[in-house]
Structures are given as structure tokens and as C-alpha cells.
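J.: Protein sequence lines correspond, in order, to chains A and B. First residue of the first sequence? That's 8 in the working numbering, and the numbers climb one at a time after it. First residue of the second sequence? That's 8 in the working numbering, and the numbers climb one at a time after it.
Treat the hints with caution; some may be incorrect.
Any copy will do: because identical chains look the same in the list, a pair fits if it lies in one copy or spans two.
Said to hold, decoys possible - Here are the computed lysine-lysine pairs in the DSSO-like style, where the Cα-Cα straight-line distance is at most 30 angstroms:
#  : residue 1 : residue 2
1  : K161      : K229
2  : K50       : K93
3  : K371      : K39
4  : K50       : K229
5  : K23       : K376
6  : K23       : K215
7  : K233      : K376
8  : K371      : K301
9  : K39       : K93
10 : K121      : K93
11 : K121      : K39
12 : K31       : K131
13 : K233      : K215
14 : K50       : K131
15 : K382      : K23
16 : K23       : K229
17 : K50       : K121
18 : K229      : K131
Just so you know, the hints here were simulated from the structure itself, not pulled from any lab data.
2 protein chains.
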Amino acid sequence: MDNFTFQSPTKIIFGKGAEHQVGKEARSHGGKVLLHYGGGSIKRTGLYDRVVQSLNEAGVEVVELAGAQPNPRLSLVYEGIELCRKENIDLILAVGGGSTIDSSKAIAMGVPYKGDVWDFFTGKADAQTALPVGVVLTLPAAGSEASDSCVITKEDGWLKRGYGSQLIRPVFAIMNPELTFTLPPYQTACGAADIMAHIMERYFTNTKGVDFTDYLSEATLKTIIKHIPVVLEDPENYESRAQIMWAGTIAHNDLLSTGRVGDWASHQIEHELSGIYDVPHGAGLAVVFPAWMKYVYKHDIERFVQFAVRVWNAEQDFFNPEQTALEGIRRLEDFFRSIGLPVRLSELDIPNDRLEEMAEKTKKGADGKVGQFVKLTTKDVLNILRLAE
Amino acid sequence: MDNFTFQSPTKIIFGKGAEHQVGKEARSHGGKVLLHYGGGSIKRTGLYDRVVQSLNEAGVEVVELAGAQPNPRLSLVYEGIELCRKENIDLILAVGGGSTIDSSKAIAMGVPYKGDVWDFFTGKADAQTALPVGVVLTLPAAGSEASDSCVITKEDGWLKRGYGSQLIRPVFAIMNPELTFTLPPYQTACGAADIMAHIMERYFTNTKGVDFTDYLSEATLKTIIKHIPVVLEDPENYESRAQIMWAGTIAHNDLLSTGRVGDWASHQIEHELSGIYDVPHGAGLAVVFPAWMKYVYKHDIERFVQFAVRVWNAEQDFFNPEQTALEGIRRLEDFFRSIGLPVRLSELDIPNDRLEEMAEKTKKGADGKVGQFVKLTTKDVLNILRLAE
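The shape of chain A in the complex, shown without the other chains (with noise of 0.2 angstroms):
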């Protein structure tokens, strides 16, 4: 196991009607909130009213900035900074999921920032301070709500590029399991596919003595894998909403990768490819992850055998331990299929023709370091996007 410094103190506050103690919350940061969000379903549900409601009760004064968008944009985060020091606020409130609290963290990085916000993106600067940032969370899948970490997509050049920082892990989390009630199918199977691969980004590593966070982790992505189908089928069913939102904090708060290296390759690939063609990341990661998969095992059979055994229950064959290495990598694909997820860049409607293009672009954006588990050049990253055709 590798030395370690572990911190995640963002205060969660969990359940029905969760979202009532928002004022209150919001207040002990001061009077002042922007308060950001998507498009029009936070009015269609109802929540808009019901947290804009609490805030006023609780004397806090609220400016709005609507507009976050998967794969949130850079020149929204300019809007938001130039708003925030306009009017003093305090407090970024994110209502929404990752892309509308990754805009936020962005904004709550750049208001004391004396230069270009995307500085830090580039690796040209590094946050010294930001602005707190509270979330009211209406979708499991990015984990941004207790994580210290941000994507954000200049779209000069459709570049996707992320920073962590321990100044903007957000300070309070407000999810209440029902508002994702009334999430369509395919955005639960893409959550559950961003969560998953949260997981296993820290979960295939080259570090030894690291059974906790290995039993953690799967212990994690079991939770995911029982409780998906349920709510495909049973959407208001409270107690699967609750276990997926909760395990999809926990999968990417960084507790799963204490003490050891992760590989993000995955990430690092599909965050190329969801610039390029803006699909939905949890769409993107199913495609990349089992390609990615099936082009690394070998490097590690004996870990894919403990994934395969210990996640997918498939039966050891101890005499061929790279068959129940496949396997698992197969029940994880046949899983993303069986949930409604495309698996395949054909099924996400990508052609072949530019796959050179994202292999660089991939290279590029990782400063040229893509992967841990298995370090890959910019052939490799290629090879992989062939194996995902």
C-alpha cells in the first residue's frame, strides 16, 4: 500500500425531502448564493420551487445561472465568474448533476482567480483559493458531489480537460433518492456506467497490499450491478435509488483509492471522444472500458481472475485462469448491454474515420501520460478504439 493523505469532508445530507434543508445549509456560508443549474427540469419537478422556497425562508439571496449542459463549457464558466464578483456571492449552489456542479467548482475557482480560469485545465497555475460550493444532487453518475475534481470542454477546439483540487470538494451534499425517480432509463444505465467506471479506474492497479480498498470496491460495484436492473424496471423503487446514489458518492470520493495508484485510461480515451461527438460520458466509458479491457488484461491475469470471481460471481477455472479472466471482462459487457448501454462506437453511432485524430488528441490531452495500470502509447490508445469499433 502507498503512503496516503485522505480527506472527504463534504457534509452529506441523505434522504427523503433532504432537499428542505438547503437554506439552512446554504446560510452557514453566508447570504448571498448563485444558484446554478441545467434546462427546465428542476422547474418541471417541482424541485426549483421547493429549494428557491427554502433559501428565501432562510434569508439567503439567490441569483440564478441557468444553462450547465453535459460536458459543461468553458464560456459558461466565464459567465458565471463575471456574475459571481458583479453581484458578491458567497456560495455556489449546484442543482443538478456532475456537469452543473463541475461548472460550478470551475466558477468557484476562477472568482478569486486573477487570470484565465482555464489555467488551471492546462496545468498552467494551481487554485489557491475558491469560493465554497453545496449541491443538491438529482443525478448519481459523476460522484463530483464529494469529489475534488472537475471536467470542464473549451470549446475552441473541443477540449475536454480536468483538475483536482481540495478546495472544491464541495462543502455540503444534499440527495434525496426521489428526485431520480424521474430519470429516464438510459440516463440511470449511463450514471450506473460512470459510476462503475469510477471504481474500476482505482481498482485496476499495479500497487500490492491493497485487499481493504479491493474488498471496498467491489463491495461498491456489487451494489451497482444488483440495483441497476431494479429501478430500470421499477423506477420509484426508493431503496435501489437510495443504494445506487449513495454507492455512486462513495466510488468516486477518493476513499476507494487510498493508498493505491489508479489507471483513468478509460476516462482519459473517452473524455476525447465525448469532445468530439458529445455523447454522453457513461455511454462513452461503456464503450471504452471493456475494449480497454480486453486489450490490458494479460498484463495482470491474476486481477482480472479476482475481478471476474469476486464481482461477477463467475466460476473459477483454476486450470485456465485466463478464461475466467475473459469472463468477467464478457459478464461486464453482456451487464452494460443488458442495461441498454452501447458497448460498440457503431452502436453510439461514431464512425471509424477519425480514430486516429482521438488517439492523439488522447495522447496530447494526457500530457502524454495515458494510463497506470498499463502505460499506453498513442498506437495503444488506437489499437483500443479499434477494439471498441
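Assemble the complex: chain A is given as a structure, and chain B must be docked to it using the hints.
T.: This is chain B only, laid out in the frame that chain A set:
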């Protein structure tokens, strides 16, 4: 799943040589610390010197209070409170295990409180503020390094009582598994029983829809069960010591009780036992827990079957669930025995002439409420103690 609020903000600094960071961490909380510890063991191992050197190098002024002992005493807490007031202490630094940490937490609450600190433990008052507590952990067991609770023994009447508050979660916990290499086998085993008890107290619940925390709890139990025999054979096995140490923290930082009601009867019963006979808490739990299980398993056979199958890999008898349930309890008891722990009162040299008194004290100490999974009468507690004879 029940609604919950969860916040565990303790900064964990984990790994080889981690204690060298104590000066820097302490300094960020002020210029003057009370260094609280037990006996001479931290001096013999050199840890004391390394901690003091790190504090000195960071410009932190040190006041010392030694003498914390197992089942930490109220009289020393009083002494610590006076010392902190006199010396204007900014941070209490506990160097040791759960007893030292709990003693530090009680001192931390007592310093700013005008009344008697024992008021918190009798339910007469709630803590409104406390000094920050930092930790250098030497013993994986109590989980106090990231928990919100502490247990103190009042010598007058040998009353052992607990209190919990977010205010006393340590601000940082420095955890170097190498510091546990020198633990004697019996102390290692007692720590394991304590850790496992923390998980099992949460595991046996009547709350439905708690699959995720069930899986996480099983993961943490399996980690202890797998790695304790390794370190009993090979005390300097860093990887296994590390798994145990980190699992011991997660066992008790409340992640595993999110959204569910725990039981805690075994702890309540054991407190009276070690209160009177001053036996190690973990050894007392190894005696009480299997007896409690034998007494209550019929309340929810399915949960005990799940425990047997998923934690102990017991083969499930689908036609005789009771047999599978009992097999799980048997394996727990066998495990405790195999790591050198007592599983009967007689093995702790506790006579059977004060069982009634202990049962009555348990009931009284818990304000009449013993257990949640099954609510126990004084007679029930007595029956459990008799099963443990």
C-alpha cells in the same frame, strides 16, 4: 434506508514515516499543544522522541500529560482540563490508542465547559464547543481516531460511560502501520475483536434496504479476518498491518452506519464487564458478542445466514437456514479462539457471582435501553451473560 447526515472530516495521514508530519499538522491548529499519552511504550520505541522533535521543529510549544490507561479514568481527565486551562493549550495531541484518544476528547470538551465534564456522560448537558484533538495512532482497535465518540470510566462506582459529538472528531489522524509492529499478539487480537465488534454492532439492524452498507461492512470484516492471522504469524508484515489499521478506522467513522440503526447491546454489556473487572475491551467483546448472537439470532435468521455466507464463506443449507445461521456464529467464535482470545467469562477469570449486578448495571447505564436489533430486558442481559459463562 433511513435518512442520515454524515460528515467525517478527519484528515488521515497514512503510511511509513507519517509521524514526521505531526509538527506541521499541529502547527496549523495553534502554537501550544498538550501531548497526552499513556506509559513508557512510546518512549521505548522512540516514537516519543520523533513526535517531540517534529513538534519542536515546527515551533510548537509542548506541555505533557502522561498516564492515560485502558478504560481511561475521569480523574486524569480532570487533571488534563486544569492543565489545559492553566497553560492556554490550543490543541490536544493524543499519541497512543483509543484510551489516550478518548481521554483527550473528554479533556477537549471539558476545557471550555463551566460545569463538570462528567455531565456530558450522564446526559445532563451537551457539549457546545471543544478544543481540537489530533492523533498519532499506535493501536488499531477503538477507531477513536476518526469517530465522534469517547468512553470514560468514573472510578467512583467504576461507571463506564460514552458520549458522542461531531465536536470531538479528531481534526487529523496520523497513522503509520510500522508503529504497530511491536504490538503483542494478545493486544493485536483484542484490537481485532474491537474492530469487528464495531462493524457487527452496525451490521445487525432492523433497517431494511441497506445493501450497500451491508456489502461495505462485509468487506471490512473480511479484511480483518484475512489479515489478523497473517500479522500474528509475521508481526512486521507491513501490508497486513496497513490493511488492519485502515479498516479499523473505517469500521468506526460512521460510514458503515449511514442510513441504518445499529444495535450496541454487546458494547453496553461489555462496558459493565470491563468496568468492574478491568479486562481489555476487545477480550470482553469476544466473550459477549457470540453469546449475544446465540441469544438473538432467531429474531432475523436471514440476516445471520447472510453473515455466515458472505462473511465466513459458510456453505448455505437452503433447507435449514437456522443451521447456516448457527454456523456463522460458530465460525466467529472459532476465529476468536484461533487468534488467542477468550470466548467465555471463565476464560477471563470472571466468576459468576456478580452476573445479576452486571445485568442491572447494563440496564441502568443504558438508561434502560439495551440494544436495538433486539431490545433487551435485564433478564435478557443476564441470560446472555449466562450463555457466556
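J.: Does each hint hold? Answer for all of them.
T.: Each hint, compared with the structure:
1. K161 / K229: The answer is neither: 35 angstroms in one copy and 45 angstroms across copies each exceed 30 angstroms.
2. K50 / K93: within (26 angstroms within a copy, 58 angstroms between copies)
3. K371 / K39: Close neither inside one copy (40 angstroms) nor across copies (49 angstroms); limit 30 angstroms.
4. K50 / K229: neither (34 angstroms within a copy, 46 angstroms between copies)
5. K23 / K376: Answer is between: at 27 angstroms across copies they meet the 30 angstroms cutoff, but 43 angstroms inside does not.
6. K23 / K215: For K23 and K215, only the inter-copy Cα distance (15 angstroms) is at most 30 angstroms; the intra-copy one is 41 angstroms.
7. K233 / K376: neither (34 angstroms within a copy, 36 angstroms between copies)
8. K371 / K301: within (23 angstroms within a copy, 62 angstroms between copies)
9. K39 / K93: within (12 angstroms within a copy, 42 angstroms between copies)
10. K121 / K93: within (15 angstroms within a copy, 46 angstroms between copies)
11. K121 / K39: within (22 angstroms within a copy, 36 angstroms between copies)
12. K31 / K131: between (37 angstroms within a copy, 28 angstroms between copies)
13. K233 / K215: both (28 angstroms within a copy, 16 angstroms between copies)
14. K50 / K131: Cα proximity of K50 and K131: none, with 38 angstroms in one copy and 47 angstroms across.
15. K382 / K23: Result: close only across copies, 27 angstroms inter versus 44 angstroms intra.
16. K23 / K229: This pair counts as within: shortest intra-copy Cα distance 24 angstroms, inter-copy 32 angstroms.
17. K50 / K121: neither (35 angstroms within a copy, 50 angstroms between copies)
18. K229 / K131: neither (40 angstroms within a copy, 44 angstroms between copies)
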